[in-house]
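Undergrad: Next come the chains, spelled out residue by residue.
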Amino acid sequence: MKVAWPVLRRWALAAVAVGAWAWVAESRLLPRAFVPSPVEVARGFVEVLGNGLLIRHVKDSVLRFAACYALGSGAGVVAGVLMGLVPPLGRFLRPLVEFFNAIAGIAWLPLAMMWFGTGEPTVAFVTLNGIFFVVAVNTLAGVQAVPRLYEYGLAVLGARRATILHQVTLPAAFPAIVTGLRLAMGFGWRALVASEMLAASSGMGYLVYRGSYDFRYDVMWASILLLGAISLALDHLVLAPLQRRTVERWGLVQG
Amino acid sequence: MWWLAVWVWRPGPEILPSPADVAVEAIRALRGGVLLEATLRSIARLLFTAIAAIPLGVGVALAVGTVPAASELLMPVLRYLTAIPAIAWLPVFLVAFGFNETSVVATAAYSFFFPVLFNTLVGVQTVPRVLRHAIRTLGGSGYRVVRDVLLPGALPSIAAGVRLGFGYGWRALVGAEMLVAQGGLGYLLLKAQSVGLVPRMVVGMVAIGVLAALVDALLLEPLEEATVRRWGTVRG
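Listed in order, the protein sequences are those of chains A and B.
Letter by letter, the first sequence follows residues 961 to 1215 of this note's numbering.
Letter by letter, the second sequence follows residues 78 to 313 of this note's numbering.
For the record, the hints were derived by calculation from the structure and aren't laboratory data.
On a predicted model such as this, the values are computed, not experimentally measured, just so you know.
Just so you know, even glycine gets a beta-carbon here, dropped at the ideal spot from N, CA and C.
Chain A is faced by these chain B residues, among others (derived, beta-carbon under 10 angstroms):
id, residue
1, L150
2, L158
3, I161
4, A163
5, L167
6, A173
7, A249
8, G252
9, A253
10, V275
11, M278
12, D293
Not close to chain A: a few residues of chain B, all C-beta gaps over 10 angstroms, as computed:
id, residue
13, A100
14, R105
15, L107
16, L117
17, I120
18, G136
19, P145
20, P205
21, Y220
22, D225
23, V226
Produce the entire structure from the sequences given, and follow the hints as far as they go.
TA: Okay, structure coming up:
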């Protein structure tokens, strides 16, 4: 029975949270229309689930994100490593990459809307941007921080460049790369949702924004809560395995 | 490189303006006071955001970190809330607070708060328990434990959290400014977009980037370095 306690407590907590929410909704502290009760939100959820709206929007957001994340972080790692392997190039480009990292994401949205209009390319551009630069910056920093001595050590022993890259540079830079990948997850997903709100006609961001425009606050709340669940799921699917592998292999603990 | 791209590719000023166009526009925007006003507005908001988010994040982390029951109760809720992008809350804030400063700052503060909270928590939890118990044994109050042990011990983590929170908060701020349309750099960008003034958009983007880079390089990075050096801890 002892094992079941935490689980039980978690459910009890969820029940208390929902109860508090219901109480706030019923007490009319806030305008009723803006704070629908849990039952209404659940009903709204079932409605958009039933007519297929929800699944479409979730699918759009997740597929967009998956494509952007794979592409953006892959390109970011490659770019970061390449820049880092040619030290003069890395030193020259680093301030530039850092600068672009500082404006990455949502700040590009207006310009992207100019270039591509509203829709898929704009959302993809903004999201990719948010992912690529943070990964590239962190990878570059990681590669630059590898002590040259290790690389020389292997080179003296007659190792080829590819071996050095594989055996020394990449493993040593790995913690920094993982940091970049984690940050990219957060920044990229947020950039995606924000740009969907402003520049798309599908996706979770759009669903939230549309809900508030149509005065469908039940649908809006349901989408907000679902957004949290999707983010957590993405974290678990992508970051947790990554983290486990790195912690196991290199004995690192990331704060 | 930018110049070269414009020169070779000749995209026309409505697609990609040349650096000269942008410089001219920057001077014009500065003279007219638009850029300065928007920048100051964004900085003021950022300041309010920081004032709201940092003490709150640290405070909640101390509470959650020192009271096991609170941590067990609140952690799942907090983890879930972090996972929701702040910008999704904006519509809720808008109906609750209206189209005003409060909504913008609340959105940014939401993003800023959680990294501060979670980093402080890691800091508090990694302070050796022995030190806490030592103070208690010597008759120190709970307040003394927080002031003399937990806060100093967690400071490097707090600094790291503030730095990370700034990254999230600043992005959320710009996004919220675009949606709320009450001034600021995000609004400047969107307004320039609606009238097709691309050079001004680039000016706005550069301002956003420069501001973020400046805050990070001049304020947050030295802060983090200083705390790390002072307490001799290395961030994980």
